[in-house]
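Student: Place chain U with the ligands on chain Z using the hints.
For reference, the chains in residue letters:
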Amino acid sequence: MLSIKNIHANIAGKEILKGINLDIKAGEVHAIMGPNGSGKSTLASVLAGREEFEVTEGEVEFAGKDLLELSTEDRAREGLFLAFQYPVEIPGVSTTNFIKAAVNEKRKYLGQEPLDAVSFLKKMKEKMALVEIDQSLLSRSINEGFSGGEKKRNEVFQMAMLEPKLAIMDETDSGLDIDALRIVANGINKLRSPERSILLITHYQRLLDYIQPDYVHVLYKGRIVRSGQKELALELEEKGYDFITDEVDLSLGL
Amino acid sequence: MKEKPEALEQAVLNEYKYGFVTDIHTDLIAKGLNEDTIRLISEKKNEPGWMLDWRLKAYAGWLKMEEPTWPNVKYPPIDYQDIIYYAAPKPKKQLNSLEEADPELLKTFEKLGISLNEQKRLTGVAVDVVMDSVSIGTSFKEQLSEIGVIFCSISEAIQQHPDLVKKYMGSVVPMTDNYFAALNSAVFTDGSFCFIPKGVRCPMELSTYFRINAENAGQFERTLIIAEDNAYVSYLEGCTAPMRDEHQLHAAVVELVALEKAEIKYSTVQNWYPGDKNGLGGIYNFVTKRGICKGDHSKISWTQVETGSAITWKYPSVILKGDHSIGEFYSVAFTNNHQQADTGTKMIHLGKNTRSRIVSKGISAGHSNNSYRGLVRASKQAANARNYSQCDSLLLGDKCGAHTFPYIEVKNKTAIVEHEATTSKIGEDQLFYCKQRGIDAETAVALIVNGFAKEVMNQLPMEFAVEAQKLLAISMEGSVG
Ligand SMILES: Nc1ncnc2c1ncn2[C@@H]1O[C@H](COP(=O)(O)OP(=O)(O)OP(=O)(O)O)[C@@H](O)[C@H]1O
Ligand SMILES: [Mg+2]
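So the protein lines, in turn, are chains Z and U. For the record, in the first sequence the residue sitting at position 204 is 204 according to this note's numbering, with numbers rising by one throughout. For the record, in the second sequence the residue sitting at position 391 is 391 according to this note's numbering, with numbers rising by one throughout.
Next comes chain Z alone, as it looks inside the complex (with noise of 0.2 Å):
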């Protein structure tokens, strides 16, 4: 599904991605943890095509396609989904407006008639269902004045309703009180499916407990340091970075 060589990213001028290498089949779900400011979000927004971003070397192959050849939107309607860790706020435009112009932008480049508004609202309501969101947030303007957790389950149910091929979820844990991270959690493992994969940022094995990874990679100054399966997930929970950035920084001779 996702096949990433040897990426370097800058911004700024600054090298912030030092080469990954990832690659993630159809179904599978994997989960990225590291420190703050390791360069998770930036491997997401790489992926998602955030323009600041400059890639200097590197590829990515994306369902049979060069994801980095794709412009941010045709990427997002080849099915590439990212929940941000931020949802942006969007005055004037209702949620409902908002996904339902999502939605129709993805069917016309499949070669696929609009939605009528039947069939939209039928799948809204199922949708809706999924993640337990509520009615009224869906009329105001999205993400305007939400509050965090609404945030976050929002995305989810965008996830839900654009059905993508592989949903990168940025700390959608994050901010999220115990309820809405079992809600949230159990929406997108009703969403698992063996044609979607998931990458998940997340900083805890909470999320994890709930949703089951296949692979756990630990992010690092720019690199994936370490992958294993779902129980070096508890190892971290347990131990720290310490016990594998210490190595790391020993290796790089810091």
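Hints listed in this document are in silico derivations from the structure and should not be mistaken for laboratory results. Think of the CB as a built atom: it goes at the ideal place given N, C-alpha and C, for glycine as much as any other residue. A few of these clues could be false.
So the derived label-pair ranges between C-beta atoms look like this [as the list claims (entries may be wrong)]:
(1) 231/Z x 427/U: 38 to 46 Å
(2) 108/Z x 427/U: 20 to 28 Å
(3) 408/U x 110/Z: 52 to 60 Å
(4) 429/U x 110/Z: 26 to 34 Å
(5) 94/Z x 46/U: 53 to 61 Å
(6) 3/Z x 278/U: 41 to 49 Å
(7) 25/U x 94/Z: 47 to 55 Å
(8) 108/Z x 416/U: 45 to 53 Å
Capping the alpha-carbon separation at 27 Å, the derived lysine-lysine pairs in DSS-like fashion look like this [what the hints assert, rightly or not]:
(9) 14/Z x 399/U
(10) 25/Z x 65/Z
(11) 380/U x 411/U
(12) 100/Z x 425/U
(13) 454/U x 100/Z
(14) 108/Z x 454/U
(15) 122/Z x 454/U
In silico negatives: residues of chain U with every beta carbon more than 10 Å from chain Z [to be verified]:
(16) 26
(17) 27
(18) 35
(19) 43
(20) 48
(21) 68
(22) 74
(23) 81
(24) 160
(25) 203
(26) 276
(27) 278
(28) 462
Tutor: For chain U with the ligands alone, coordinates are given in the frame of chain Z:
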């Protein structure tokens, strides 16, 4: 990477679609302004003596006045001697119907999306077409006159309905009201005249399409609309101009008079050439628009969608003289590149139980500056006057500006004035969020702007709402790299 303009800038890069010039013989007078210029204009228009006297008086007043400097706009001094004050497409003969107009002209308006052919026109819309200094013709005149509605050029009204013109012209905007109104009163060339008699609900939209074509010419149009007791009319004006490197001056005066229980709905879709992306050229749009709710229970409503002009300076106002009268102002002003807009309204409450509502939506992009300036005044006699004002600004990018200048003067304790203002900003973050969802930059900006402007757009007559929405989209159109 660096050379690439920011996505947001790309999305709002506008391309003016109406910038062509019509190749047509034009009757031009020499540049410059003095008493003789005014005599010449009056003579060309074959005007009665009283009209010339009126013009000369305004000119004398104008000479004593100074150009205002209070608007929040910047431009080099205007050389009033370097302007042509009369430009008329030739031949200037009286047409029986618009179809008889020069084919070159018909083509021009066809290209602008204005069909002058009555059969092809939107049903229910009568149109007066003004090119440079003259009205080329008015459609549906006969049908309208059968029910007593007069819809013609102001020049024709001066000839055919002098009593009405004498009675009302200058009654709302006095000839020396302000610098540009005085200039207009001296040199105005054409515009529309509408008269809706007692008890008549005008069955069709009346509209005027203003086009500047000639080079170095100013356009000084004058419009007068009168709705007698229980009359109703909905009127719309549209305007475009060719792209030129020099600035051109457009100084109009519009007067509305609503008698008892009358209602006038006046809509503007202003799309004068805004200048290029470096601020070269464009129209200076300095306009005085004012209506008076003269009779009790009368209503005047201004709706404007302003996307054009290098500089816009206009404050459509309502004098609420009649008791229980209502004034409304709905505005969307979009500025881009180096455009400047200082626009708003004045609601002058004189009568009892008068109400006014102001909804202003300013959208700024590029390096533009967009100011709302509004005055709400409740006089001593205006018991129970009510005003509600809502001013919202939307900034696209971080190089543009939005300013709000609300002035409130309340002299009656029972009056209630409410003002709300918001400013929101659309930046690269919002755009990236949209693009990540598969919505390209242009569609995203259109979505955001339409959502923002909806409340005002809903006020436009049905026939024009779609057009205006398209215009707004076109103004922001650009290729995304
Ligand atoms: N626009 C920017 N300009 C300069 N530096 C940036 C910019 N964006 C990110 N960085 C830097 O890149 C590095 C990686 O940031 P990133 O957001 O990817 O970290 P992260 O792993 O997601 O951290 P967190 O766990 O705190 O979310 C940080 O040092 C950050 O300061
Ligand atoms: Mg992050």
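Student: Each of the hints needs a verdict: does it hold here or not?
Tutor: Tested hints:
Range check, residue 231/Z to residue 427/U: Cβ separation about 43 Å, and the 38 to 46 Å hint holds. Under the hint 20 to 28 Å, the C-beta atoms of residue 108/Z and residue 427/U, about 26 Å apart, fit the expected range. Look at residue 408/U against residue 110/Z: about 54 Å separates their beta carbons, and that is inside 52 to 60 Å. In this structure, residue 429/U and residue 110/Z meet the distance hint of 26 to 34 Å, their C-beta atoms being roughly 27 Å apart.
As the Cβ distance of residue 94/Z to residue 46/U is approximately 57 Å, the hint placing it in 53 to 61 Å holds. Between residue 3/Z and residue 278/U the CB atoms are about 46 Å apart, so this pair conforms to the stated range of 41 to 49 Å. Remark: the range hint 47 to 55 Å for residue 25/U to residue 94/Z is upheld by a beta-carbon distance near 53 Å. Between residue 108/Z and residue 416/U the CB atoms are about 49 Å apart, so this pair conforms to the stated range of 45 to 53 Å.
The straight-line distance between the Cα atoms of residue 14/Z and residue 399/U is roughly 26 Å, inside the 27 Å bound, and the hint therefore holds. Of the pairs offered as hints, the one joining residue 25/Z and residue 65/Z holds, with about 14 Å between alpha carbons and a cut-off of 27 Å not exceeded. Straight-line distance between C-alpha atoms of residue 380/U and residue 411/U comes to about 5 Å, which keeps the hinted pair within the 27 Å bound. Straight-line distance between C-alpha atoms of residue 100/Z and residue 425/U comes to about 22 Å, which keeps the hinted pair within the 27 Å bound.
For the proposed pair residue 454/U and residue 100/Z, the alpha carbon gap of about 17 Å is at most 27 Å, so the pair holds. Restraint check for residue 108/Z and residue 454/U: the C-alpha separation of about 25 Å stays at or below 27 Å, so the hint holds. The suggested pairing of residue 122/Z with residue 454/U holds, with an alpha-carbon distance near 26 Å, which does not exceed 27 Å. The beta carbon of residue 26/U is kept farther than 10 Å from every beta carbon of chain Z, the shortest such distance being approximately 44 Å.
No beta-carbon of chain Z is positioned within 10 Å of the beta-carbon of residue 27/U; the least distance is around 48 Å. Every CB of chain Z lies more than 10 Å from the CB of residue 35/U, the least distance being 53 Å, so the non-interface label holds. At the 10 Å boundary, the C-beta of residue 43/U stays outside the reach of chain Z, the nearest C-beta of that chain being 53 Å off. Non-interface status of residue 48/U relative to chain Z is upheld: no Cβ of that chain comes within 10 Å, the nearest being about 53 Å off.
Non-interface status of residue 68/U relative to chain Z is upheld: no Cβ of that chain comes within 10 Å, the nearest being about 33 Å off. Its beta-carbon lying about 29 Å from the closest one in chain Z, residue 74/U satisfies the requirement of being farther than 10 Å from that chain. For residue 81/U, the shortest C-beta to C-beta distance to chain Z comes to about 46 Å, beyond the 10 Å cut-off, and the non-interface label holds. The Cβ of residue 160/U sits about 48 Å from the closest Cβ of chain Z, beyond the 10 Å cut-off, so the non-interface label holds.
Annotated as non-interface, residue 203/U keeps its C-beta farther than 10 Å from every C-beta of chain Z; the closest such distance is 34 Å. At roughly 26 Å from the closest C-beta of chain Z, the C-beta of residue 276/U stays outside 10 Å, upholding its exclusion from the interface. For residue 278/U, the condition that its CB be more than 10 Å from all CB atoms of chain Z holds, with the nearest at approximately 24 Å. Taking the minimum C-beta to C-beta distance to chain Z, about 21 Å, the non-interface status of residue 462/U holds against the 10 Å cut.
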